[in-house]
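Spelled out, the chains give:
Number of protein chains: 2
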Amino acid sequence: MGTENEIINSISPCFQRFWLLDRNITFLNHGSFGACPGHVLEVQAKLRSQLENEPLRFFGREWEPLLDASRSGLGTFLGADEEDLVFVPNATTGVNAVLRSLRFAADDELLTTNHEYNACRNALDFVASRSGAKVVVANIPFPLRSHTQIIETILGKVTAKTRLVLLDHITSQTGLIFPIQQLCRELQQRNINVLVDAAHAPGMIPVNLREIDPTYYTGNCHKWLCAPKGAAFLYVKREKQPEIRPLTISHGANSKLTHKSRFQLEFDWMGTDDPTAYMCVSEAIEFMGSLVSDGWDGLMQRNHELVVQGREIICSALDILPPCSEEMIGSMATIPLPKVFDKYTHMSLHDRLFDEFGIEVQIVPWEIEPKLLIRISAQIYNTLEQYEYLGKVLRELAFILQTA
Amino acid sequence: MGTENEIINSISPCFQRFWLLDRNITFLNHGSFGACPGHVLEVQAKLRSQLENEPLRFFGREWEPLLDASRSGLGTFLGADEEDLVFVPNATTGVNAVLRSLRFAADDELLTTNHEYNACRNALDFVASRSGAKVVVANIPFPLRSHTQIIETILGKVTAKTRLVLLDHITSQTGLIFPIQQLCRELQQRNINVLVDAAHAPGMIPVNLREIDPTYYTGNCHKWLCAPKGAAFLYVKREKQPEIRPLTISHGANSKLTHKSRFQLEFDWMGTDDPTAYMCVSEAIEFMGSLVSDGWDGLMQRNHELVVQGREIICSALDILPPCSEEMIGSMATIPLPKVFDKYTHMSLHDRLFDEFGIEVQIVPWEIEPKLLIRISAQIYNTLEQYEYLGKVLRELAFILQTA
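Chains as they are written, first to last, in the UniProt record's numbering: chain A, 1 to 404; chain B, 1 to 404.
Only chain A is shown next, with the shape it has when bound in the complex (with noise of 0.2 Å):
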């Protein structure tokens, strides 16, 4: 296994190289975690030494132009205003943050849909039950043939007493894009909030804040934008700012600073913590720009061409059809098996996948028929040789099974 990874992953040493990944594993899971270049880690590395020199000087005088200099470039990465972005340690937290702010009436109705993503299901979940609100579930199916699917599905659930709706700009299970600033026009235009969870979008596919004007909108930095773990955004709309609150009350809450809107002060400090993921986010959207000749556009087309690609490769593989069109993935594609794998259970698959094949890549459990979807992932880092090596792999699981 060993050897025929390394052979396999030896094809393209000019981009591994900038990254500390294993290179006995054929690593096609970037969407769970993402993975940090060294170079940024070497940053972070600094920044650390930096605390450590004298903790008080850092955090009294280096600690706020750091802060403000990463959402700075983050701002500029996102066509958002810096003064409507917190950094969070991820969207999760995001999520909470803006969901554990509002108040619900017994009453309301909390609309997301079946495609959403189960941490932030649970948190909808909490605040409905606190509240007697309800949540109501958009079922998008899947396979989906176009975008005016998920369209049509989500505001066919909407009613009069809709109060906010929890939508992932990119679903993490299935890798859909959904077309977002559509949606939250439509929904704004109703007089409904919209929540973005945004995990897996900056970086994956273009984002511009201010175009798609979402009410509450938050995303990772450690996974498509390759910062540090731990580096997220909330972008809250200017006007809603004041009834946003940090999961963490800490000294924002009665500052005497004025230099700062409530909601940064408050978000900024949320207790002592190492805050060197977020001031590497603007590095990492730098380091990441710079490595290939046309920046982040030609990144991004390079990594959902080599998705697309392949995605074909493992359907050609298994001799079945992509689930949906090219244009609503980015550079996650995940595809229904075969019902023949039934026979394993989503952990009992990947587990044999990484001990046996050395190969790393996300296999999702699914509430209807096929039960299994498999999730891969195209970072620069990735060659076609690694989807072809996981394609000769399932071919020969399946065959394996159908003989069996």
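If you're looking for bench data, these hints aren't it; they were derived computationally from the structure. Where hints are given, some of them may not hold.
Remember, identical chains collapse to one label, so a pair may be satisfied in a single copy or spanning two.
[Claimed, not checked] Result set (DSS-like, lysine-lysine): computed pairs, CA atoms no more than 27 Å apart in a straight line:
(1) 339 <-> 256
(2) 256 <-> 134
(3) 371 <-> 237
(4) 392 <-> 240
(5) 157 <-> 134
(6) 46 <-> 134
(7) 339 <-> 240
(8) 339 <-> 371
Following the hints, put chain B in place on chain A, whose structure we already have.
This is chain B only, laid out in the frame that chain A set:
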């Protein structure tokens, strides 16, 4: 300034060499953010490399044993069952998690003291304002004669409506050790729950949670245990755990796992974050306990004796009396500054000491006369000469102020 500091700070190189602290600074404020030894930071860096080597393997297989091992070491140190402990980034977040989990009614009284840390007081005010509950403040004098004053003042404010008492184990501004075991017993005998903010206690004084037996107890590991930034814990009494939920509701809320309590399943995973600071807590405990021959008892005793001597030096330099007995402080000592210093603000005095004399020490604004307090810390890397230098500088400043 550089030279004088270098001479003063080179006297105790045998312990200073374990830290990254700037030798040009007389660093007398371990209390605010702690300081992490280079060895512990190296262990953390290795864990981070391990994470980035294969993020899925790390979070899927390696994360839980590493987290549990560190929690186990912490449990032993705190005299607590590891089942009753979860990690949080800081004590303020621990306080918020408890407060925001509890439900208060409009008539309830939430009792605290005037020595309570501002951030946690804000959290208390927040939950009070949301529920209509009332915050009641017990005013404990400073200077202070005895522990009896603390107990009597707090118990004197208890009424039939008192639902919860939020107390510091060691106060932040005034460095006082509260008789927390006796307070917990007295209050719980009256059926009142006690939330202890022990931000400064673990590693400064012996903490045995079985003996203290609080309802809720949260403490920092990055202060006096010298763990990396962003490491703290929350203890919740077994029977209270089902009602305490993390601030970020995530996968744990509906996890099908049964090898841990819901309390731990929920708190252990609050979205993707850098978990390496938590994983270094047991390493930090072991490392710090190995520095002197008599382990943690010796270390804490040594730090206590050093700060008591430091306090004497400063009081003598300013010709004032210490505000409380030696037994009431650990390794932080707060001294009210003579009224002549009131011409400074806490920030302007801090900045003058830092910028002109290279001294890092906490200056605390206080509510009544005298309006400025100075808080010194003693960690093993500190030396008597550093307090002598501070005393000399303060005496000079007082002289200038008096003759101006």
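Hint check results:
no.	hint	verdict
1	339 <-> 256	between (62 Å within a copy, 24 Å between copies)
2	256 <-> 134	between (39 Å within a copy, 23 Å between copies)
3	371 <-> 237	neither (39 Å within a copy, 41 Å between copies)
4	392 <-> 240	neither (51 Å within a copy, 52 Å between copies)
5	157 <-> 134	within (13 Å within a copy, 41 Å between copies)
6	46 <-> 134	neither (48 Å within a copy, 46 Å between copies)
7	339 <-> 240	neither (47 Å within a copy, 45 Å between copies)
8	339 <-> 371	within (8 Å within a copy, 74 Å between copies)
Consistency note: the structure conflicts with the earlier hints numbered 3, 4, 6 and 7.
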